[in-house]
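Engineer: Same order as they appear, the protein sequences are chains W and E. If you read the first sequence in our numbering, its first letter stands for residue 1, the second for the next number, and so on. If you read the second sequence in our numbering, its first letter stands for residue 1, the second for the next number, and so on.
Some hints could be false.
Straight-line C-alpha distance at most 25 Å; calculated DMTMM-like pairs for lysine to aspartate or glutamate [unchecked claim]:
id : chain 1 : residue 1 : chain 2 : residue 2
1  : E       : Lys99     : W       : Glu30
2  : E       : Lys99     : E       : Asp63
3  : W       : Lys28     : E       : Asp33
4  : E       : Lys22     : W       : Glu78
Honestly, the hints are just simulated from the structure, not real lab data.
Each chain is listed here by its residues.
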Amino acid sequence: METPNINYINELAGNDEPFKNKFIEILKMEFPEEKLEYLNNINNNRTEAGSQNVHKLKHKFNILGLEESYRLAVIFEEELRLGNDRLKNEFVKILDKIEDYLKTI
Amino acid sequence: MNCIIIDDEAAARAVVSQLCSKVPELDVIQEFDNAIEAIKFLNHQNIDIIFLDIHMPGFSGIDLVQTLKNPPKIVLTTSDTNFAIASYEYEAIVDYLLKPITFDRFEKCILKLKKEETKKSTAPKLEEKNSDVNEDLYINIDRRLIKLNYNDILVVEAQGDYIEVKTEKKNFRVHTTLKNIKDKLPENIFFQIHRSFIINFNKIIDIEDNSVLIEKNVIPISRSNRPELMRRLNLL
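So here's chain W without its partners, still in its complex pose (with noise of 0.2 Å):
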């Protein structure tokens, strides 16, 4: 599996180290949040706010280099949307590593 980076961020921040401080900051807070509600709708068949959670978290996949996992979370958020989950432990397994990844930066 492919590892997460923060490349883009840098590209982003450039010499600005507030800003890159910053926005790994933003990333720790709201991810937790997002993987929460996410898991909460999945366990409770809510598949179609899962399929929404999937949309918002296939973001973070791309900030953090994470090209494959985004692809599989363009095929997971349409499925979840018609109500199949079948991909939901490949997906979770996306989300711990960005959750120990976060721990690290």
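With chain W held as given, fit chain E onto it using these hints.
Structural biologist: Showing chain E alone in chain W's frame:
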């Protein structure tokens, strides 16, 4: 250019805000995490650009575009390509940025916005002139104001301190300059083909190498005006 950012994700707003900070012409006035608050703001504040996320819970970006009566220029920011075609249905939408947005792509978007701004500042003048189409022009002949319909004018010729306005029925000699009358005639019908001649584009019968035939008048084409004449012709 004043702008606002509308996105329900704080990280996404931070990205756009950071990109805006790299462009001196852009001034981010406010950020919103939902469209409803943004609409309230837009009801009492004029801004130039909205960076707008499409996919927001409750009230989407497209709902917002449809709600605004006189929307400013809008740049959509989204991670969905599905809305790309739909976005072209709205005149206010200038560009469509796919997340994650790179600075190179953002710069291109700003160039597009600047071009739109230029178009906006020149458009009212053209509209003003074009709105005169099918109206009339009054010329002063011996203290009488004579009404001429634009469609009746064939050619206007400079003759010293006078101009001669040639119509299908009669010619009129008026004490004014060619520039004066040119400023009053609609650009989409009339064209200055030579230092001394303005022609009605709709009355051209044929064009030879260096002249235009309008009724029985052979009008010279100046070398400098020829390219513009050729550009405006509907050539087969």
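Engineer: Does each hint fit the structure? Answer for all of them.
Structural biologist: Tested hints:
1. For the proposed pair Lys99 (chain E) and Glu30 (chain W), the alpha carbon gap of about 17 Å is at most 25 Å, so the pair holds.
2. For the given pair, Lys99 (chain E) sits about 20 Å from Asp63 (chain E) by alpha-carbon distance, which is consistent with the 25 Å threshold.
3. Between Lys28 (chain W) and Asp33 (chain E) the alpha-carbon distance is near 18 Å, which keeps this suggested pair within the 25 Å criterion.
4. Our distance criterion of 25 Å between C-alpha atoms is broken by Lys22 (chain E) and Glu78 (chain W), whose separation comes to about 35 Å.
Taken one by one, the earlier hints fail for this structure only at number 4.
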